[in-house]
Amino acid sequence: MNVRYLLEKVGITPGYFVILREMIISDFSGRYKNTIFGFFWSLLYPLVYFGSIFLIYAIGVIKFNIQYYPLYLLLGIILYLFFIDSTQYALVKLENRKNIIKNIYFPYSTIVVSINITYFINLLLNFIIFFLFYSFFSIHLKLSSMLFFFLLLLTYLLITNGISFMLSALAYNIWDFKIIWTFITSMGFFIMPIFYPLSQIPKKYIIFYQLNPIAIIIQDIRDILLYNTTPSIVHFVFLLIFSVIIFLAGLIIFNKRATTFAEEF
Amino acid sequence: MDSIKLENVTKIFKLNHKKEVFFLKKLIGLLNNKKDIFIALKCINLHIKKGECIGLIGPNGCGKSTLLKIIANILKPTSGSVIVHNKVTFFSEVNGCFDLDLPPIRNIFLYGALLGLERKMLSKRVEDILRFADLGSFKDVPLWQFSSGMTIRLAYSIALLTDAQILVFDELFSNIDEIFRQKCITLLNKYKKENRTMIFVSHDLRNIKYFCDKCILLLHGEIKEFDETNKVINAYNLYNSNIV
Numbered sequence: 001m002n003v004r005y006l007l008e009k010v011g012i013t014p015g016y017f018v019i020l021r022e023m024i025i026s027d028f029s030g031r032y033k034n035t036i037f038g039f040f041w042s043l044l045y046p047l048v049y050f051g052s053i054f055l056i057y058a059i060g061v062i063k064f065n066i067q068y069y070p071l072y073l074l075l076g077i078i079l080y081l082f083f084i085d086s087t088q089y090a091l092v093k094l095e096n097r098k099n100i101i102k103n104i105y106f107p108y109s110t111i112v113v114s115i116n117i118t119y120f121i122n123l124l125l126n127f128i129i130f131f132l133f134y135s136f137f138s139i140h141l142k143l144s145s146m147l148f149f150f151l152l153l154l155t156y157l158l159i160t161n162g163i164s165f166m167l168s169a170l171a172y173n174i175w176d177f178k179i180i181w182t183f184i185t186s187m188g189f190f191i192m193p194i195f196y197p198l199s200q201i202p203k204k205y206i207i208f209y210q211l212n213p214i215a216i217i218i219q220d221i222r223d224i225l226l227y228n229t230t231p232s233i234v235h236f237v238f239l240l241i242f243s244v245i246i247f248l249a250g251l252i253i254f255n256k257r258a259t260t261f262a263e264e265f
Numbered sequence: 001m002d003s004i005k006l007e008n009v010t011k012i013f014k015l016n017h018k019k020e021v022f023f024l025k026k027l028i029g030l031l032n033n034k035k036d037i038f039i040a041l042k043c044i045n046l047h048i049k050k051g052e053c054i055g056l057i058g059p060n061g062c063g064k065s066t067l068l069k070i071i072a073n074i075l076k077p078t079s080g081s082v083i084v085h086n087k088v089t090f091f092s093e094v095n096g097c098f099d100l101d102l103p104p105i106r107n108i109f110l111y112g113a114l115l116g117l118e119r120k121m122l123s124k125r126v127e128d129i130l131r132f133a134d135l136g137s138f139k140d141v142p143l144w145q146f147s148s149g150m151t152i153r154l155a156y157s158i159a160l161l162t163d164a165q166i167l168v169f170d171e172l173f174s175n176i177d178e179i180f181r182q183k184c185i186t187l188l189n190k191y192k193k194e195n196r197t198m199i200f201v202s203h204d205l206r207n208i209k210y211f212c213d214k215c216i217l218l219l220h221g222e223i224k225e226f227d228e229t230n231k232v233i234n235a236y237n238l239y240n241s242n243i244v
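Respectively, the protein sequence lines represent chains A and B. Mapping of the first sequence onto our numbering: position 225 corresponds to residue 225, and the numbering continues sequentially without gaps. Mapping of the second sequence onto our numbering: position 126 corresponds to residue 126, and the numbering continues sequentially without gaps.
Next up, chain A with everything else stripped away, as it sits in the complex (with noise of 0.2 Å):
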């Protein structure tokens, strides 16, 4: 059994990449075509949400003991923006898509994966945003925090990857769950700890956070580039396994709906 038997039992076809890579290119040039500013819009969007929470914290309204407030604000906003932007816009995508769906056989999976990539192309171009903020704190990284950081981005793409498959194949063809997936993403903004600090979550709801892998990643690179704490091997390690599992689950949950999307007007 090699490597090229498993991928294509996942729908992963030899020509899967060169699809792959027109869809982001179209997705990508497509976003913000009409346009005037073009994707300076993205870079924008976070920093809206940014300046918001920011002059309310700035007036004094909420109160936090945050060490590097602003950059800790701004980091949980551009990470679970990304989280929001790429599944609620799968589930739009592959709706859009539909009229390729019933008239040319591909990986569909392509979809999902395409509009994953593009946002995340676009968190790290937030990043770029985020690490200009950042220089005017003196904050010294080690190289291997950055490694980790890295990886966990990376295991944050596989996750929301993973998530965006089981969505999209629960909901295609239910607009309806496209409404409540952002009521629920949009709870998520206040629910989980994007502008205040774990410390202010009661103890006995701790765990709910403990057992969120989007709470735990955010957590985990704020401590990187904030506080300079590397997660333990062990941690790392049981996330990165966590993220390939949800990844081929929701790949083949994925796969498996989609067998029927071509017959389903």
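Please keep in mind that the hints were generated in silico from the structure rather than gathered at the bench. Quantities reported herein were computed from a predicted structural model and do not represent experimental measurements. Just so it is clear, CB atoms sit at the ideal spot from N, CA and C, and this is done for glycine as well. Be aware that one or more of the hints could be misleading.
To list a few chain A residues with every Cβ distance to chain B over 12 Å, as calculated [stated by the list, open to error]:
| id | residue |
| --- | --- |
| 1 | ASN99 |
| 2 | ILE101 |
| 3 | PRO231 |
| 4 | SER232 |
Capping the alpha-carbon separation at 27 Å, the derived lysine-lysine pairs in DSSO-like fashion look like this [what the hints assert, rightly or not]:
| id | chain 1 | residue 1 | chain 2 | residue 2 |
| --- | --- | --- | --- | --- |
| 5 | A | LYS102 | B | LYS42 |
| 6 | B | LYS87 | A | LYS256 |
| 7 | B | LYS76 | A | LYS33 |
| 8 | A | LYS256 | B | LYS42 |
| 9 | B | LYS190 | A | LYS98 |
| 10 | B | LYS139 | B | LYS49 |
| 11 | A | LYS98 | B | LYS192 |
| 12 | A | LYS98 | B | LYS76 |
| 13 | A | LYS256 | B | LYS120 |
| 14 | B | LYS76 | A | LYS9 |
| 15 | B | LYS87 | B | LYS231 |
| 16 | B | LYS139 | A | LYS98 |
| 17 | A | LYS33 | B | LYS139 |
| 18 | B | LYS42 | A | LYS9 |
| 19 | A | LYS93 | B | LYS76 |
Starting from the known structure of chain A, fit chain B onto it as the hints suggest.
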């Protein structure tokens, strides 16, 4: 040698008579799986040899497009076996396959990739494609500004570059002008000489007569006739006159 072999192929669709508005009702409907069914194809047995040009005719809703989509692997049969040697390119409502916000060049690469065409070849032939589609002066214009005929011309110009040995056409030449039609005919004649297998679905029997050596008459999901084109067209005309 058979290029396409279908044995006892049946295709059943589950019908949604009414779009369920409520999420829970729809979800329960999906879980229950109790729906009305529509038998689109009944026990189809079909052997098509390499290099044959076959016409597929019949009234609306008789299963022509379903049969083509099963051959093109877009739809899976409910039962029966489908063996297709070689790659298939399916030509249909191709204008739906584009990203309307993007200009033709980006769409050429996207649609080409979906059809399994090599990027290198596409890059070399972008100008040829635009010239063939007569869209040279529209190369930077987003597709939403195109007429449906222009979009179809672009789609055909890309898809006709295919190296697939099996080509299936659903309603060939609908919505295109006479000049472009002639260009396509020349190219299709070339493919015929190259011994490629082609299947045409069309309500325009002139096209079927012109291209096809043999023809299939499909009625209510069943093959009623599979014979020489003229014979089958006569049978279809007889069927139509009886109905009218």
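Verification of the hints:
Taking the minimum C-beta to C-beta distance to chain B, about 3 Å, the non-interface status of ASN99 of chain A is violated against the 12 Å cut. ILE101 of chain A, annotated as away from the interface, has a beta carbon of chain B within 12 Å; the closest lies near 8 Å. No Cβ of chain B approaches the Cβ of PRO231 of chain A within 12 Å, the least distance being about 39 Å, so the stated non-interface status holds. Every CB of chain B lies more than 12 Å from the CB of SER232 of chain A, the least distance being 41 Å, so the non-interface label holds.
Of the supplied pair hints, the one linking LYS102 of chain A and LYS42 of chain B holds, its CA atoms being roughly 21 Å apart against a limit of 27 Å. Only pairs whose Cα atoms come within 27 Å are accepted, and LYS87 of chain B paired with LYS256 of chain A is accepted, the gap being roughly 23 Å. At most 27 Å may separate the alpha-carbon atoms for a hinted pair to count; LYS76 of chain B and LYS33 of chain A exceed this at roughly 36 Å. Pair hint LYS256 of chain A plus LYS42 of chain B holds up; C-alpha atoms about 25 Å apart against a cutoff of 27 Å.
Our distance criterion of 27 Å between C-alpha atoms is broken by LYS190 of chain B and LYS98 of chain A, whose separation comes to about 33 Å. Under the criterion of a C-alpha separation no larger than 27 Å, the hint pairing LYS139 of chain B with LYS49 of chain B is inconsistent with the structure, at around 40 Å. Of the supplied pair hints, the one linking LYS98 of chain A and LYS192 of chain B is violated, its CA atoms being roughly 32 Å apart against a limit of 27 Å. Taken as a hint, the LYS98 of chain A and LYS76 of chain B pair is honoured in the structure, with Cα atoms around 17 Å apart against an allowance of 27 Å.
Distance restraint check for LYS256 of chain A and LYS120 of chain B: the Cα-Cα separation of roughly 33 Å exceeds the 27 Å cut-off, and the hinted pair is therefore not satisfied. Proposed proximity of LYS76 of chain B and LYS9 of chain A is supported: the alpha carbons are some 17 Å apart, at most 27 Å. Simply put, LYS87 of chain B and LYS231 of chain B have alpha-carbon atoms about 30 Å apart, too far for the 27 Å limit, and the pair is violated. Simply put, LYS139 of chain B and LYS98 of chain A have alpha-carbon atoms about 25 Å apart, close enough for the 27 Å limit, and the pair holds.
In summary, the hint linking LYS33 of chain A to LYS139 of chain B is supported, as the alpha carbons are separated by about 15 Å, within the 27 Å threshold. For the given pair, LYS42 of chain B sits about 30 Å from LYS9 of chain A by alpha-carbon distance, which is inconsistent with the 27 Å threshold. Only pairs whose Cα atoms come within 27 Å are accepted, and LYS93 of chain A paired with LYS76 of chain B is accepted, the gap being roughly 23 Å.
The structure does not agree with the numbered hints 1, 2, 7, 9, 10, 11, 13, 15, 18 stated previously, though it agrees with the rest.
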